[in-house]
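**Student:** From first to last, the protein sequence lines are chains A and B.
Final position of the first sequence in our numbering is 344; the numbers increase by one with none missing.
Final position of the second sequence in our numbering is 355; the numbers increase by one with none missing.
Simulated from the structure, these hints should not be mistaken for lab results.
Fair warning: this is a prediction, and the values are worked out from it, not measured in the lab.
Treat each hint with caution, since some may be false.
[Unchecked claim] Computed, partial: chain B to chain A, Cβ under 10 Å:
hint: 1; residue: GLY109
hint: 2; residue: SER119
hint: 3; residue: HIS134
hint: 4; residue: TYR191
hint: 5; residue: ALA333
Idealized CB from N, CA, C, for every residue including glycine.
In case you want the letters, here they are:
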Amino acid sequence: MAVLTYREALSEALREEMDRDDAVFIIGEEVGEYDGAYKVTKGLLEEYGEWRVRDAPIAELGFAGLGVGAAMVGLRPVVEFMTWNFALLAIDQIVNGAAKIHQMSGGQFHVPIVFRGPGGAALQLGAQHSQCFEGWLSNVPGLKVIAPATARDAKGLLKAAIRDDDPVVFVESELMYNTVKDEVPEGDDVIPIGSAEVKRTGADVTIVTYSKMVHQSLAAAKTLEEEGIDVEIVDLRTLRPIDVPTVIASVKKTNRAVVVEEGWPACNVGAQMVDDIQREAFDWLDAPIARVTGLDVPMPYARNLEKLVFPNADHVAGAVRHVCRGG
Amino acid sequence: MSADFLGLSRDESVELLRLMVRARRLEEKTAESYQMGKIGGFCHLYIGQEAVAAGAIPALRDDDYMITAYREHAQAFVRGVTPEAIMAELYGRTDGCSGGFGGSMHMFSKDRNFLGGHGIVGAHLPLAIGAGYAIRYREGDQVCLCFFGDSVVNLGAFHESMNMAARWGLPVIFLLENNEYGMGTDIRRVAAIEELVDRGRAYEGLTSVAIDGMDVLAVRQATAEAIERARTEKRPTFIEARCYRYMGHSMSDASYGTYRTREELERWRSDDPILSYHRRLIDAGRLTEEEYKEIDHEAIANAEAAAEFAERSPLPEAGSLYAHVYSDSYEHGIGRRDAWRAELS
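Next up, chain A with everything else stripped away, as it sits in the complex:
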């Protein structure tokens, strides 16, 4: 198996799906001549031409909606947002358009579209460029929401997203494009949407997390192992539909849970997970569920303050200790 970066894995998925299906095209800012703001679409314009790799004006509402319309009549658009922060300009097209048209039309029109781009904080990008919106988007019936943590998952899930007949929100990460590298199977390794994966098996406590927090959690697990705490990590991978059975099975085994996410605490993915766990596994819990989140503030610019807001492996380890030992 080849070792690929997260970015290379995404590029491979796009290229393979464009080869497999003529209906797949990419539209977004800087995706063509510039090779993509984060180089995920590097070389694709030259290979596939401008109708399949379309440089859009800076008009997110317009080009996201163009994708929705094209999807309604049978194409499979991959709409790239330079970051999910900019997708707020297009949120009406995602929530009122893409997510609703299949049901509003009584099932007549499918909207097979992927909205993809990086989310979350990077480094000192300030308040408008450091936000997690996957929780908002997971709130919406009609959307599917994916946030992979590894190169393998990024490739396999992007392929699944492109082949899916419904609108899929695909949240990547600026911080992972280069730094995350892992083995990616050759060929058609399509990972089903809605399946979580146990990224580390353990007996004492379950960490439920996704995206870059999987890596902070793995780092925390290493530290905790030395202290005699055996951590299991469930990587949700898909936030809607969410694989509750895998989470519940793990919690019933370990009897403890810590839910970790990068974004704000209020009404977010972790809050929903706590509800799912207490509903289905209350009697198996030996301790209250703990949450680790980003702090409840817009992201400040100053490096020291940003560091304070961002949840890290130490925060995760602290929460696990608290759940396992109390106090």
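With the hints as your guide, set chain B onto chain A.
**Tutor:** Chain B in isolation, oriented as in the chain A frame:
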């Protein structure tokens, strides 16, 4: 202009009248059913604007696309959605053109390449250029006809869509129905431009024309030219059709008294699209009064039959609630989060 009926045969020219009369009678029946409580929600009627739908839509081919906003019952009808399917949708029944899931504002027909009625002002213009993009992508020669109201000219979606359509040569006809009011706001109070058609002049490659939207043949002519330009030259057109709605914005407001006057309404009604076209057909010897009466009786009977059909059509079953949320089966955490509702199990 268009004294020769644009080369339409006698039957073709009479058909445009028939479509307008049937559309109006269907809307009148809709108003009646709404007042009887048989139709719920928001309900925006098209009465007064029939010449726009009847002039534009029959100029399309079956394989062309059409998309519109939420004042769309008559447009759906002219496009070929049956009155039964329209009325059943309004009644929220399974035989509705959206299976009872859409309602007044969200009628769709895949069979008729009707990409729907959309409820967020202006948000469907990007969808229209998406259909146009797909046509170019496949090197087809269809077009997409997109209706919208005057308030859309002040939205970003309007400019973003026109810009991309013009820049990339997308076969889209942007058909603005300027009925002068966005809900209760006179467009002249909120648009910093005298003639709305001039908004289109910002875009190279986009042809912009203003026409009398109360004149079915003027609409037909401008739309046919725009369709031809889109089909053969791959160029978009912006048409401003000046028209008027006789009713309030929706069934919830009066047709005059607050933001517009009775005199204004009466002035427009004196130029009624059905009556004036009926007169022209009679004067040209293409129609007799008897034939017109027959058309009208048939239209009334047709609307009645549609309402009776809707009344008999079954309500959607509770079991269909999740059927169209996704294309595949509804499973995992979402369905199970609703499991507390005992009546669903």
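**Student:** For every hint, state whether the structure bears it out.
**Tutor:** Status of each hint after checking the structure:
no.	hint	verdict
1	GLY109	holds (3 Å)
2	SER119	holds (7 Å)
3	HIS134	holds (8 Å)
4	TYR191	violated (23 Å)
5	ALA333	holds (6 Å)
Hint 4 from the earlier list is the only one contradicted by this structure; the remaining hints agree with it.
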